[in-house]
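Asks: The lines below spell out each chain.
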Amino acid sequence: MATSIEEKPDFKWIGKSIRRVEDPRYLVGRGGYIGDIKLPGMLYTAVLRSPFAHARIGSIDTGEALEVPGVVAVFTGQDCKEKMNPCANFGPPTITQYPLAVDKVRYCGEAVVAVVAESRYAAEDGVEAVEVDFEPLDPVVDPIAAIGPGAPVLHEEHGNNLAYERIFEFGEVDDAFREADVVVEDKLHWGRSSGMPLDTCGAVARPALNGSLEVYCNSLNFNFFIWLVAAALKLPSNKFTVIPVPAGGSFGSKFFAHKVPTLAGFLALQTGRPVAYIEDRLDHITNSDHHGSDRYYDVRMGLKSDGTITALDVDVVDDYGAYLQFGVGTHGNSLSQAVGPYRLKNLRYRLRAALTNKCQQGAYRGFGSEVQNWVLERMVDKAARQLGMGPEEIRRHNFIQPDEFPYKIPTGNIYDSGNYPAVLQRAIEMLDLDKWRTEQERARKEGRHIGIGVVTTQERSVFSSTEFWFWFDKPAFPLTSSPESVTLTIDPTGEFQVQMHSQAMWGNSPETVAAMLVAEEFGVDPYKVNVSYADSAHSLPGTGPGGSRFTVMIAGAVRGASKRLRAKLFKIAAHELEASEDDLEIVEGVVRVKGVPDKSRSLAELASTAYFFALNLPEGVESGLEESCTYDHPYTTLPSDDRKDLGVFYPFMGHACHIAVIEIDAETGTHKFLDYVAVHDAGTVVNPKTLAGHVTGGAAQGIGSAMYEELVYDEDGQFKCSTFMDYLIPTAMEVPEFKLGHVETPSPYTEFGIKGGGEGGRMVAPAAISAAIDDALSDYGVRITQLPIKPSEILRQIETGTQS
Amino acid sequence: MRDVGYLRVGDTAEALTAAARPGARLIAGGTELVNLLKERIEQPDLLVDISRLPLTDITVGPDGLHLGALARMSDVAAHPEVRSGYPAIAQALELSASPQLRNMATMGGNLMQRTRCPYFRADHDLPCNKRRPGSGCSAIDGDHRAAAIFGASESCVATHPSDLAVALVALDAQVRTTARTLPARDLHRLPGDQPHRDTVLDHGEMILGIDVPVSPPSAYLKVRERGSYEFALVSVAVAAETSGGVIRTARAALGGVAPKPWPLDVDLAGVPLRRDELRAAIAPAFAAARPLPGSEFKIELAQRAVVRALTKPIGLMGET
Amino acid sequence: MARITVTVNGADHTDEVEPRLLLAHYLRDKLRLTGTHIGCDTTNCGACTVLCDGLPVKSCTMFAVQADGREIITVEGLATGGQLQPIQQGFKEEHGLQCGFCTPGMMVAATALLERNPDPSEEEIRWALSGNVCRCTGYVNIVKAVRWAAQAMQEQAAPEEPATRQPATEQAATR
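Residue numbers (the numbering used here), protein chains in the order written: chain Z, 1 to 804; chain F, 1 to 320; chain L, 1 to 175.
Hint data in this document are derived by calculation from the structure and do not stem from the laboratory.
Be aware that a few hints might be false.
[Unchecked claim] Not everything, but these chain Z residues come out facing chain L in the computed CB check (under 10 angstroms):
#	residue
1	22
2	28
3	40
4	41
5	692
6	703
7	731
[What the hints assert, rightly or not] Covered by chain F, per the in silico footprint, the following chain L stretches (three or more residues, Cβ under 8 angstroms):
#	stretch
8	18-28
9	60-74
Nothing here was measured: the structure is a model prediction, and the numbers come from that model.
Beta carbons are placed, not taken as given, at the ideal position from N, Cα and C, and that holds for glycine.
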């Protein structure tokens, strides 16, 4: 059974729903976002965006723009090509990108010219005055056609539009299908949506002393790869410093968002003045480099007649857009949990990455694993219907059992722990599934259409960069490190400082987590811990947030630094108290001899000694109280040479069951939520309130991807969603109240047993919603095979009885 | 957005003089015009700010409802006598835009909204006869899920976005301008070969108010993908007197289906309030529908909406 | 250029502005009140919501010249007497914010709601906030935060003398 709250170690702070330490500044309008920064002499940037999906850039006339009052300078892609290197890139070297398009534009909205001026208004006036001759080329919009014969080529140097192709095979797939009693097949399409935070990407770059460049920036993960941005700007890495700025949301879209700071840096170097480039919404929605997955699947699943899943065959074409900055990493995420929570041994996974005239993909909450969840659950549901099994029945039958962990899946990744039957059971009880099934029947007799969608999915957490190995036989840029660091300081008066490395606050609760962990370690008040963020010139190794890794990794680093700091405190205290270090303990911020509470020193007293009375320190102890810890990924291995085993790269396996109850209005195709239960297992929960926030916020984004949000390009590659009037983000009217539950199976491999949970409900909700709609309209044979689900599609299926 | 001149006027006469200047454009709440300026769809030389003129009255009398052109959407929607006597208007307003916009936007401005066709609103200048006469229509061969099924032409298939206008047509309202009084149903025009002209108003002509005769029970039903702050896939306003489950008189108008609010010109008197009979009665009005492939679903959806609006009570937040 | 006088959070400001200058930019760039955020540029997201003569409006879709002679309240003007208002406390108590970017607009819109309707239902809260997009929270805790504030306001003792508007410090907001 799952570890119950009672059996958990006796934590003082971990597991408590405390108010966030980050909140006060935001409540009074002092968030300090990138748009709030104003440096003396700062210039502003506006960019001219391509009106064409695919075109050659002819002459560019900037003369008139330079006459516009306030305009200081105008730059083109040619300037970039002459003065800098291509942008950071983990994809094929034959696909290069500059922050301003060179020679060709490859999607609607791609930046072509940057105008730098004394105000944003003047910069936009300047953009209006620029004349560009475009020679339109045939657009490549359909990804299947893009990789077929005769398609126009986006990148001549690459030769075709197939950026990557590989087939991975695990187990005996063909045999398993031959021996299967039932094979279900489907074509599925997961449409393109995106994190779309309210705060866009932005950077303010300032030429600083000694020829160095300082860049204020709300990108995340910059520290890990900051030298790549420096390299693009032809600067030595020690002359390029990023100062982290809080982001008003990321959801993946600021994951190493490198183009914006690269462009701001370039413009500052060229003008010699501080330059801000902050995307407006249009820049972001068309040109962010962070559209989400856009996948076309042919899937087959083989089963035995008793419902045992034996084989899965996935053939996916992913529409990556015009560039491939992160390679095909989003499919590594799929492979980390490709078989879901099920005991499924035989898997084939064929991936083709297509280049098309669209904004390129980046990261969006789930990083592609949420798509695999949806596909897998769609197929399980289809099989269950064919076999006459209930959705919970087929899942229970195939679950990996609690006593099987750690469990190695066919791809080689490890699932560390879990209790899937318990999560499902908890969800069923919280919803009162029987009650809803009765209500469903009753309503059906009245001509109403209520559907219940039950799904169970994985929520992998804490990626390790070893996953970059397995895509290629000889990876060009293999790496195996993905650490996180913390510096912990007790200042001369005994107050705590935590410094984090490689990121700033972006909407999760890094400061609350760090403060709670310090409180746990030292028995101090978490609200008295101050948290700050190092700039890249002063930061220790760090990977940054992504793949639900931050809480686990920061916990490891805080614990490591705490151990070192406590050891030093004990050494000093033992010396002062004339006691053995082994006899000491810290209780509520006081170091004392066990069993002799009077024999003690407060942290303030010890800090005072450490900073100001070196002659009182024991032999060999240096002044000061500061310790750092760089915490490496605790469990990761390399892939095998033949790639039959991809190694361990995403082992801390969260799990979730969502049950959505939806009523469909069969006359209009519209829907409403009647109930929604979400039970998650993210291991030991640090702060139930903030974890619940991620589950809820993620589920709301899942609702968006499932029913509203789509970044649409028409047949000419024209972008059809340039505002939030077209890209429909759910409002308070569309998101239901959720009933939330947790089952905690602590990870055996992480500090405190924490697993990541940041990607939350988006890993699950699209599958639950799809299943609920199918169920509601089962009389009509409706089956959801593409997202987002539009009312017009529901009506069409009801009307024609055919699926898309 | 280009810079622009600005003049705030103190009375209607001053407004008329200023508005008559070439390149002048009236601004009241600004919720539509500011966006058109930002998107560079319109680039007037002078904004004539009429927002402080005393045209904000909302009066209900024995002869009906009178709305000043500058009455705010939120004020009209919240007015108790509008809600009780003219619910289709209150509902149409409440289901429009968002609370903040309803606090700024006015009656006249709402009627002067321009289409939401994505090609008209594109962030750069695409072929669109409404935006740039003679440039062509991108929607006909492009994405036209939102396109009109009635009244479109070869040069434009865009729909009109106003919810209020649909209610006013169903309620047989009149629009008073500085030059004339005309039925609400004649305010907006079909595109023909001049799609850049949305209404019949002349340059410099200004809406002063709206007069709505005493109305039978009315309702407004809006079908859209997101439950708030979205324009209609289709909508319907009905005003009907019934007795004993049979319609005595009824007027209805459709939104989201045509370049203007589309009156449902069928005689419903004597039709029982039952689905099949209603469907049969309204079907002739849809024989004239000429959808594009992507907008065909609107024909069925609109008919369902009409039946529902006539047969089911509709709450103020659109719930049925 | 046009001369305007706007009362912002109780203080009068007179400035020469371009007619095209948006109110949001006037507040942020000219007055350096950066708590009013810009999220979408097209009137959709509500991050820029301020009160204009007591009503929530979108400051990104209003020219500063249109605000001439009006009274504007921004997030910086919510707190009175250096103390957080119940709506601000509610967001803190109920974890009504994650990244904080939509929060000022949400709190401003909710303030107007509570002024008009001191005891709103969940449905009324959701409707009143339907012009404000939050990308982090899924709204559930925002609704709770507004309910928290409504309750706190009702529980408050007899009305006191209105305190002068003065921004709460972060220190006052801590805990």
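Asks: The structure should be examined with respect to each hint, and the outcome stated for every one.
Replies: Now for the hints, and whether the structure bears them out:
Using the Cβ-Cβ criterion of 10 angstroms, the hint placing residue 22(Z) at the interface with chain L is satisfied: the shortest such distance is roughly 8 angstroms. With a least beta-carbon distance of about 5 angstroms to chain L, the hint placing residue 28(Z) at the interface is held under the 10 angstroms criterion. At about 14 angstroms, the closest approach between the beta carbon of residue 40(Z) and any beta carbon in chain L exceeds 10 angstroms, and the interface hint on this residue is violated. With its C-beta approaching chain L no nearer than about 15 angstroms, residue 41(Z) sits outside the 10 angstroms limit, and its interface hint is violated.
The beta carbon of residue 692(Z) is positioned within 10 angstroms of a beta carbon in chain L (closest approach about 8 angstroms), and the interface hint is therefore held. The interface hint given for residue 703(Z) holds, since its Cβ lies 8 angstroms from the closest Cβ of chain L, which is under the 10 angstroms cut-off. For residue 731(Z), the interface hint holds, since its Cβ comes within 10 angstroms of a Cβ in chain L; the closest pair sits about 5 angstroms apart. Taking a C-beta to C-beta cut-off of 8 angstroms, the stretch 18-28 of chain L contributes 4 residues in contact with chain F, enough for the three needed, and the coverage statement holds.
A count of 6 residues in the stretch 60-74 of chain L with a Cβ less than 8 angstroms from any Cβ of chain F is obtained; the coverage claim is therefore met, three being the minimum.
Consistency note: the structure conflicts with the earlier hints numbered 3 and 4.
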